[in-house]
Amino acid sequence: MRYLYSLSIIVIFLFLTVVPLIAQEEMTKDQWQTEMANYKSKKADLESQLNQLSKDIEDLKKQSTKLDADIIACEDALYALIGVTRADVEAFDKELTQMENRVSELQRMSDAELVNYKDEMMKMDSRLKEMAQSKICLIPRYGDRVNTLQQKLLALLNSIQKEKTYTVGTWAKDRDCLWNIAKKKDIYANAWMWPKIWQGNRNLIKDPDIIKPKWVLKIPEGNQLTKEEKSAANSYYRKKAASTPN
Amino acid sequence: MKKLIKYILIATLFNGGLLFMGCSSSPSAEELKQLDELKKEVSSLEKKIADSKGEKASLEKQVAEKNGRLQQCQSDQEVVKKGLGK
Numbered sequence: 001m002r003y004l005y006s007l008s009i010i011v012i013f014l015f016l017t018v019v020p021l022i023a024q025e026e027m028t029k030d031q032w033q034t035e036m037a038n039y040k041s042k043k044a045d046l047e048s049q050l051n052q053l054s055k056d057i058e059d060l061k062k063q064s065t066k067l068d069a070d071i072i073a074c075e076d077a078l079y080a081l082i083g084v085t086r087a088d089v090e091a092f093d094k095e096l097t098q099m100e101n102r103v104s105e106l107q108r109m110s111d112a113e114l115v116n117y118k119d120e121m122m123k124m125d126s127r128l129k130e131m132a133q134s135k136i137c138l139i140p141r142y143g144d145r146v147n148t149l150q151q152k153l154l155a156l157l158n159s160i161q162k163e164k165t166y167t168v169g170t171w172a173k174d175r176d177c178l179w180n181i182a183k184k185k186d187i188y189a190n191a192w193m194w195p196k197i198w199q200g201n202r203n204l205i206k207d208p209d210i211i212k213p214k215w216v217l218k219i220p221e222g223n224q225l226t227k228e229e230k231s232a233a234n235s236y237y238r239k240k241a242a243s244t245p246n
Numbered sequence: 001m002k003k004l005i006k007y008i009l010i011a012t013l014f015n016g017g018l019l020f021m022g023c024s025s026s027p028s029a030e031e032l033k034q035l036d037e038l039k040k041e042v043s044s045l046e047k048k049i050a051d052s053k054g055e056k057a058s059l060e061k062q063v064a065e066k067n068g069r070l071q072q073c074q075s076d077q078e079v080v081k082k083g084l085g086k
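From first to last, the protein sequence lines are chains A and B.
Number 15 in the numbering used here belongs to position 15 of the first sequence; there are no gaps in the numbering.
Number 15 in the numbering used here belongs to position 15 of the second sequence; there are no gaps in the numbering.
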């Protein structure tokens, strides 16, 4: 009897809990109405926002179109003032941009690499001087760009044109001779480059076997011997061989 | 025993009644479809608004840049006029 009583309580409890759960899974009419009302209100709000945004976008497009026309008119008037055409300015801008890019590339190079581009930099410098004289440089933005580029290029040229020197020490202490000087890491790191020092200091060095302490030798730039330097070296080797008794 | 069966029967009928009432107040399939469509419309509007906001921001940026360019050009004109002594 007690068992049946307990069972009936469980059954009632289950019904009371399961039924609302089942009812919750499906939407009631009231819930549907509430949701419909919420979504309708949200839709109306969003439509209003979208309309406002569309108007704003239209206004901005009109402003943008008007500004395009104003800019063209202003630039044409500016170019007319200095007597150049839009095509002239565009060509000038293109050339200047190319040079700016090239100088940026050169700025990333080491001094040793830069030496190989000295001629190119000299040409660029000369072209920039011509460009600086152009009427287009009366327009501040172009004048400033040309000026900035000239300064950058000058800094690059200065960095490779700095004359390196070496003060000769004594043989006893420093073992200095042209061969050993050229071999030094901060000079050429290559003993075979000694003729470059010789040829660069012909005023001091008459005989490459003789250098004197405290002489200040110029260290010419470059990492290869020129034709003249090679020829001088060969001539020296020949004389040396001829004077050496067999 | 009979009493117990009676209680169980009453409870079952009561809950069954609740269940029946719950079922009978559900929205119809047509109404549910309406709600679904409304949800889709809202979702589509939200997407359009997000796109429009992006377009508006981009246009605002363009307009600001163009305003800057125009002001620069006007200022350049003044400098060139001074430079030419006009």
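The reader is advised that the hints may include incorrect statements.
Unchecked claim - Which bits of chain A does chain B cover? Going by a derived footprint, with three or more residues having C-beta under 8 Å, they are:
hint	segment
1	47–54
2	57–68
3	86–97
4	100–106
5	134–145
As the list claims (entries may be wrong) - Calculated lysine to aspartate or glutamate pairs in the DMTMM-like style (CA-CA distance at most 25 Å, straight line):
hint	chain 1	residue 1	chain 2	residue 2
6	A	Lys29	B	Glu55
7	B	Lys40	A	Glu163
8	A	Lys227	A	Asp144
9	A	Lys66	B	Glu30
10	B	Lys39	A	Glu35
11	A	Lys184	A	Glu229
If you are wondering where the hints come from, they were derived from the structure by calculation, not from laboratory data.
Idealized CB from N, CA, C, for every residue including glycine.
Results for each hint:
no.	hint	verdict
1	47–54	holds (count 5)
2	57–68	holds (count 7)
3	86–97	violated (count 0)
4	100–106	violated (count 0)
5	134–145	holds (count 4)
6	A/Lys29 to B/Glu55	violated, 41 Å
7	B/Lys40 to A/Glu163	violated, 77 Å
8	A/Lys227 to A/Asp144	violated, 42 Å
9	A/Lys66 to B/Glu30	violated, 51 Å
10	B/Lys39 to A/Glu35	holds, 10 Å
11	A/Lys184 to A/Glu229	holds, 19 Å
Checked against the numbered hints given earlier, the structure breaks hints 3, 4, 6, 7, 8 and 9 and satisfies all the rest.
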